[in-house]
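Protein chains in written order, with the working numbering: chain A, 2 to 245; chain B, 2 to 333; chain C, 565 to 913.
To be clear, the hints were calculated from the coordinates, so they are not data collected in a lab.
Possibly wrong hints are sitting among the right ones.
What the hints assert, rightly or not - Pairs of lysine-lysine, DSSO-like flavour, derived with a Cα cap of 27 Å: (1) A:Lys-73 - A:Lys-205; (2) A:Lys-138 - B:Lys-329; (3) B:Lys-329 - B:Lys-100; (4) A:Lys-138 - B:Lys-26.
What the hints assert, rightly or not - If you want the ones that stay clear, here's a sample from chain B, every Cβ over 10 Å from chain A, calculated: (5) Gln-30; (6) Leu-107; (7) Thr-164; (8) Asn-170; (9) Leu-184; (10) Ala-202; (11) Val-216; (12) Met-227.
Predicted, not measured: the structure shown is a model, and the values here were computed from it.
The C-beta atom is built at its ideal place from N, Cα and C for all residues, glycine as well.
What follows is each chain in one-letter form.
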Amino acid sequence: MRAEGAVAGEFILDIQAMTKRFGGVTAVNNCSIRVPRNIVAGLIGPNGSGKTTLFNLLTGLLRSDGGDYFYKGEPMVGLTPHEIFNRGISRTFQIIRVFREMTALENLVAVSRDGDLGGVRRRALELLDFVTLLRLKDEYAGNLSYGQQKLLEFVRALMSDPEVLLLDEPAAGVNRTLLNTLLDRIRQLRGQGKSILIVEHDMKVVMNHCEKIFVLDYGELIAEGLPEEIQRNEQVIEAYFGHK
Amino acid sequence: MSKRALEAPAAPAPASLAEELPAGKAALQLAAIALSLFSFVLWPGLVNVYQISFVFFGLQYVVLASSWNIISGFTGYVSFGHVAFFGIGSYTTAILVAKHGWPWYLTLPLAGLLAVVWAAFIGFPCLRLKGPYFAISMMGLNEVLRVVALSWESLTGGGLGITMPNAENSVSTYYAGLAVAALTVAMCYAIAHSRFGLRLAAIREDETAAEAMGVPTTRYKMYAFMLSAFWPGVIGGIVAYKLLYIEPDSTFFIAITVNMITMAMLGGKGTVLGPVIGAAILYTAQELVWWYIPWLHLIAYGAFIILIVLFVPRGIMGYLIDRGWVAKGVIQ
Amino acid sequence: MAERTPGWVYAVYLALALAGAGLPLALAWEGFVGWLAQARSMTSLAVTLQVLASGILQGGLYAVIAMGLTMIFGVMRIINVAHGEFLMVGAYMAFVFFMMLLPEELHSLFTSNLGMAILGVGVFLLICLPLMFLFGMGVQRLLLNPVVGGPELTPLLITFGLSLILINTFISVFSSDFRAIPYMSGALVVGNLALGYPQVISVAVSAAVTGGVFGFLKFSRLGKAVRATAQNADVAMVCGVNVERIYLYTFGFGTALAATGGVLISIQLAFSPEIGGIYILRSFAIIILGGRGNYLGALAGGILLGVIEGFISFFVSQGSQLQELAAYTLLVFMLLVRPQGLLGGIADE
Ligand SMILES: Nc1ncnc2c1ncn2[C@@H]1O[C@H](COP(=O)(O)OP(=O)(O)O)[C@@H](O)[C@H]1O
Ligand SMILES: [Mg+2]
């Protein structure tokens, strides 16, 4: 079965009417999002609007209560998280989940694809170098600072060379210099043809770096469009400032 | 960093994750291993039967603690009934030797295999349980086996146990135990130095994150559990043959589980050397106290367990790592 | 999250688990039916009731013991392997009190006069329980407090170490011989039922203690704080509950409940320093059956297990092993099928 109406290759992620309930709370409500291929897209919305839950649905950590979801036209609902990961969707977590009692280097090697260990190690070292963590490669991840753990998680998500990268608040707690490196890196990945979906609260980051923005409120998609459009959108302004 | 830098290797990389040791140091390590193996091989020629047995039972604990370490130390699932695999191996060998006249060494592969089969059978449902529930389920299943061994008299002889025909076995079982201990430690080493081992550790650290990062957690936990069952089954068979007599209560004995756990903890769980060191130290200490102050033996042991857990929870290896004398990480 | 499993795999496991728990029950049923065929209907009904009643009496005792364990497990998420030994300590306290501190001449009071016998147990519990409460608090403060909330292995080992110390200290002091307290013999006869006085007293005390625990948890401020901590320690802390203190009290209460069980055992059965092992795994089965931190569940689970065991032991030869088999299989089975227990326990996040 292929996603209806999806022109193969146009959308990398095609989310169709996905829903997730927790008891009485509908965290994601009938949400349809199409993420174009090769893009840096933003996913924004007030706290508790369902962004993290949506990521958990996309990566298979939660089972949806309805709806479909296609990656490159292939249905993904029902796959286990590691299967989804192996198709090329990787992520970071809002609340850091590095492997604390493993070294920084081991964190990366553990999640690499099978293959020559020497090459894997080299790639891991380069990635660590890139986020200025090389000299800490043999330190326990749990001993790194919050910002460093965030960066480690970011490069861990890159280890397998994924097609799609879901970043859950990557900038929170990372200092300016490192943030710029991170954004550089994201732009590079975009240049390599990857698709990146970022949940972020820092509006400057979102408006300056995302080509397309999706806005969630109470689990529903209330707007999507270019940054300028979103900035002017009444509904979005209301969602952020109206009801509180 | 340019895209090129990521793809083109700058320099030939070492084949394993651990930094390649300087040739001299590697040779030294190899020499140490060879020397210690050599002295273990010579031991029976130098000493009397009791001293052979002494070392044999120490080796038994090297096997048990190292094996427990695979599922509980590396993977983080605390098996509080690991003696079950030992017991299955013991009964396999005892039954085949006593009732079917098999040569004891031929029973050993089967002893290990049946332990693995049991591990697969109970692992499938139980490895979904988390934390204390997994621990309790292992304890409960061990009791189930004990009671089955007590009740199924036609197979196991019930509470009377099984007696095997007399045999001169102390040297042969010693070498078998030595071989099994060496193989167990070698297997742990191989696991710890592979991505498989790293992924087990990732499961221990954060199972959800590991799964989301591509580790097939269900399958890997199962492999780890089955690997951690094999050698205990084999050594169980060897011990049964050495003792020539087994019965349920001392075979499926919870204290043996606690011994392996305490030994692994003392040495440092989640490391290759830790369980070996822990087994050597604790076993020797236990025997000494038992010998000199028997009435205090178990009281002292209880206190010792508490002290270890409270004050050196990461064990000797953990202490060395914190001091910077041993490298951090899964791989030592 | 886990891989999908075909239904037949579950069916196979279900069948095997049921066989483990069911075999003893089936044997008991067979024995029961065979026996029914022989006996005349009037007596058979009476005996069935008798077995049922004994099972309930036994189950009441189990329930008190398990309630302490489930309290500790519920609030502190600690598996207290030394629970059986706390019980044993309670039994020996009764032994010391009745046999060593009480003048010989007074013994006959407890063996002949029902009122005095009840009074004796009551008074003794009033002395013993505060002591055990303090003992439990001491254990919590010294040994467990540093490790609450850590990995499950740590408290497991600490309490195991403690149980080794207790068992062997008591063996050194009292030897491993079985001891007994001279106590009311005879039975209360109700219609066709004959219920031993010690058992009846035991179940009455169990009921009183159980009622007390329920009332305490339901109505007292402290009890409410205990329940809140069990639900979510972090939230409780934010709401101003001193969680560390609650842990202290919880472990004290749990220990006292175990000791109550021990005292009640001491008036019915002979005991040795090693009896704890008999009760600990049954208690695990009961609290899993009832659900973590579910007191009503522990009560129901205890009585259920008592009755099941009663039937097995009465109608099957070799019953004692099968009793155990039923209990342990039930334990594992519940963990796999319904880890939250029959009545639903406190959810794990
Ligand atoms: N595991 C869960 N159980 C119950 N409710 C949850 C769970 N995860 C999230 N929620 C609820 O779902 C809603 C969306 O949460 P979340 O996806 O974390 O929002 P966001 O990431 O946009 O801040 C919130 O109301 C939150 O309380
Ligand atoms: Mg979020």
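Hints versus structure:
For the hint pairing Lys-73 (chain A) with Lys-205 (chain A), the CA-to-CA distance comes to about 30 Å; that exceeds 27 Å, so the pair is violated. Between Lys-138 (chain A) and Lys-329 (chain B) the CA atoms are separated by roughly 10 Å; this keeps the pair inside 27 Å, and the hint holds. Distance check on the hinted pair: Lys-329 (chain B) and Lys-100 (chain B) sit about 50 Å apart at the alpha-carbon level, beyond 27 Å; violated. For the suggested pair Lys-138 (chain A) and Lys-26 (chain B), the alpha carbons sit about 22 Å apart, so the restraint of at most 27 Å is met.
The claim that Gln-30 (chain B) is not at the interface with chain A holds, since no C-beta of that chain comes within 10 Å of its own (minimum 19 Å). The non-interface label for Leu-107 (chain B) is consistent with chain A: the shortest C-beta to C-beta separation is roughly 36 Å, beyond 10 Å. For Thr-164 (chain B), the shortest C-beta to C-beta distance to chain A comes to about 47 Å, beyond the 10 Å cut-off, and the non-interface label holds. Under the 10 Å C-beta cut-off, the non-interface status given to Asn-170 (chain B) relative to chain A holds; the minimum distance is some 43 Å.
Annotated as non-interface, Leu-184 (chain B) keeps its C-beta farther than 10 Å from every C-beta of chain A; the closest such distance is 23 Å. Listed as a non-interface residue, Ala-202 (chain B) fails to keep its Cβ farther than 10 Å from every Cβ of chain A; the least gap is roughly 5 Å. A beta-carbon of chain A comes within 10 Å of the beta-carbon of Val-216 (chain B); the shortest separation is about 6 Å. No Cβ of chain A approaches the Cβ of Met-227 (chain B) within 10 Å, the least distance being about 19 Å, so the stated non-interface status holds.
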